[in-house]
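Its first residue numbered 181, the sequence shown is counted upward by one per residue in the numbering used here.
By construction, these hints were calculated from the structure, which means they are not laboratory data. Computed from a prediction, not measured in an experiment: that's the story for all the values here. One or more hints might be untrue.
Unchecked claim - Simulated pairs of lysine-lysine, PhoX-like, Cα-Cα distance not exceeding 25 Å: (1) K361 with K413; (2) K243 with K230; (3) K243 with K290; (4) K290 with K351; (5) K308 with K371; (6) K361 with K351; (7) K290 with K371; (8) K351 with K371; (9) K361 with K308; (10) K290 with K230.
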Amino acid sequence: DYGRGRTDAKDPDAAAANQVLIQHWRAGGLVTVTWHCVNPWTGQPAWNRKISSLDELVTPGSKAHATWVAQLDRIADALAELQAAGVVVIWRPFHEMNGGWFWWGRRDPKQFRELWRHMFRYYTQERKLHNLLWCWSPSATAGTPAMDYYPGGDYCDLVGLDYYGDDLEMKWYEDVASLGKLFGFGEVGPKRDSRGSFDYSRWIRAIRERYPAMCYFQAWSWDWAIAANKNAKGLLADPLILGQNDLDWRGQ
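Construct the complete structure from the given sequences, taking the supplied hints into account.
What follows is the structure, given as structure tokens:
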């Protein structure tokens with residue numbers, strides 16, 4: 181997770197994370213990166229929702245645009261370090277964009293789609309980053325339809341949903357899973373009141389019974405993590421789960 185609200189010229193979170201990610205990759209692990217980018221208008225963390233218009237960020241000439249491009253460049257430097265180390269990254273920007281808790285969330289869908297495409301073009305064409313698998317990951321609990329924010333098949337490689345809850349009932353699954361892309365769950369975890377007591381074996385049963393398109397998932401950290409809750413062994417021992425030693429995917 182890059183950022184977490186940092187605005188330093190050289191993001192120490194990204195620099196420290198890269199060392200862990202490179203080691204993980206070399207040990208045969210998959211790498212995924214989320215970016216909680218700070219609000220370009222206020223300089224506050226991602227949860228600060230005071231903005232003007234997303235169009236400003238893709239239109240040269242405004243202060244917000246200049247700030248945004250500087251932020252893009254700082255993160256591009258971190259991603260370039262991973263590229264130089266041979267690390268392929270599942271890159272998951274602007275996650276949960278159909279929810280109303282981040283500055284980019286639940287905004288004008290057309291403006292959001294162009295913001296995503298602008299980042300895609302800037303990173304692939306200008307910054308020559310070709311180690312990224314772009315993952316579009318809306319919220320499975322937000323009321324705003326996920327598909328309103330889909331940037332198009334030419335601008336993402338993976339699609340998925342983020343979900344926090346105990347009932348394991350996810351909106352937008354059929355819509356997102358039918359896009360013809362590899363499907364995963366970018367973030368999952370129990371609701372706040374169940375952190376530490378959630379039975380994670382329920383999660384793998386739900387995947388088998390209700391969400392067969394799933395090819396990967398990421399349980400969130402801290403109190404949401406698999407190891408911090410119940411029945412981690414029941415989840416990890418399930419035949420559907422492939423561990424780090426089960427598949428030499430880099431040789432495929």
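The hints, checked one at a time:
1. K361 with K413: violated (30 Å)
2. K243 with K230: holds (15 Å)
3. K243 with K290: holds (22 Å)
4. K290 with K351: With Cα atoms ~22 Å apart, K290 and K351 stay inside 25 Å; holds.
5. K308 with K371: violated (39 Å)
6. K361 with K351: holds (18 Å)
7. K290 with K371: violated (31 Å)
8. K351 with K371: The hint holds at about 16 Å.
9. K361 with K308: holds (23 Å)
10. K290 with K230: Distance of about 19 Å is within 25 Å: holds.
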